[in-house]
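Student: Sequence:
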Amino acid sequence: MIRSLLSGAAALLAVAPAFAHAGFLVPVTEGTDADGKVLLHATFSDAFPQMEIGLTSEAWVIVTPEGERKDFDRMAERPDRTLLQATLEEEGVYRLSSGERLGRKGEVARIEGEYFLLGRDGLTKESLPDGAEVLTSQTATVSDIYLARGDGPAAPVENEIGRLVIHPADNPAGLRVGERFAADILFDSEPLAGYDITLFTPASGREEGEADTSLTSDKSGEVAFTPDQPGDYLLMVRHIAPAPEGAGTDVRSYTTTLTLQVPGAR
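For the sequence shown, this note's numbering begins at 1 and goes up steadily by one.
Where hints are given, some of them may not hold.
[Claimed, not checked] Here are the computed lysine-lysine pairs in the DSBU-like style, where the Cα-Cα straight-line distance is at most 35 angstroms: (1) K70 x K37; (2) K219 x K105; (3) K105 x K70; (4) K105 x K125.
Don't read these hints as lab results, they were simulated from the structure. Nothing here was measured: the structure is a model prediction, and the numbers come from that model.
The task is simple: from the sequences and hints, build the whole structure.
Tutor: Written out as structure tokens, the structure reads:
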């Protein structure tokens with residue numbers, strides 16, 4: 001009975017990211033203006049890069065090429081998005097982030113050491129096997145994008161935000177069609193090996209019925225892909241783990257995304 005339930009729940013969990021909202025940042029303007037200003041929107045959506053629910057945060061942050069942290073210039077919250085304005089003052093690559101955003105609370109089940117989302121993995125409390133634990137949970141989301149102004153140094157990727165990290169091994173603001181992009185998937189600075197990562201591509205909009213691409217990190221925690229067309233891409237990874245001390249819930253359900261822009265030929 002337990003094996004059957006685990007198999008069914010694990011299968012549902014494996015596809016869960018494809019049906020869950022992802023938070024992300026996408027520029028509204030193409031590059032910066034003469035003063036280095038750029039506009040972005042931040043949203044949760046089930047159909048990247050379309051906007052559905054505004055992404056709000058109390059931890060918005062910009063990491064400069066020198067590793068300093070600064071605030072966004074302005075922001076305006078709307079039902080389907082948060083509009084953000086940033087100024088990239090010096091040349092280089094900047095990291096623009098939601099920071100770690102704590103969200104809704106719920107419950108998960110732990111069965112033989114594995115976590116399953118109650119109500120979203122086809123599981124209810126009544127269907128749980130003997131010995132299963134029901135734990136309280138809260139979401140923790142980080143949404144990142146790297147943007148460049150001219151040439152210059154890149155924001156240090158060692159400047160970690162949150163526990164679940166997509167650590168670019170390559171310049172995430174300089175990706176081109178046909179070029180391999182690699183990143184390390186880390187949790188508490190340790191690699192997550194053999195982990196499933198969802199990749200949203202310009203051709204993977206669910207409205208067209210196209211499936212999202214599933215990638216798997218290698219034994220060192222690295223994941224890689226090669227974009228085959230211009231457009232917006234999104235890497236998304238999820239991980240459930242015990243919450244930090246004093247968090248108020250037993251576990252946290254972490255989601256981290258990284259938006260990548262691949263320009264067309266000029």
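Student: Does each hint fit the structure? Answer for all of them.
Tutor: Evaluated hints:
1. K70 x K37: Measuring from Cα to Cα gives roughly 14 angstroms; hence the hint holds.
2. K219 x K105: Distance of about 32 angstroms is within 35 angstroms: holds.
3. K105 x K70: holds, 29 angstroms
4. K105 x K125: Within the cut-off at roughly 16 angstroms; holds.
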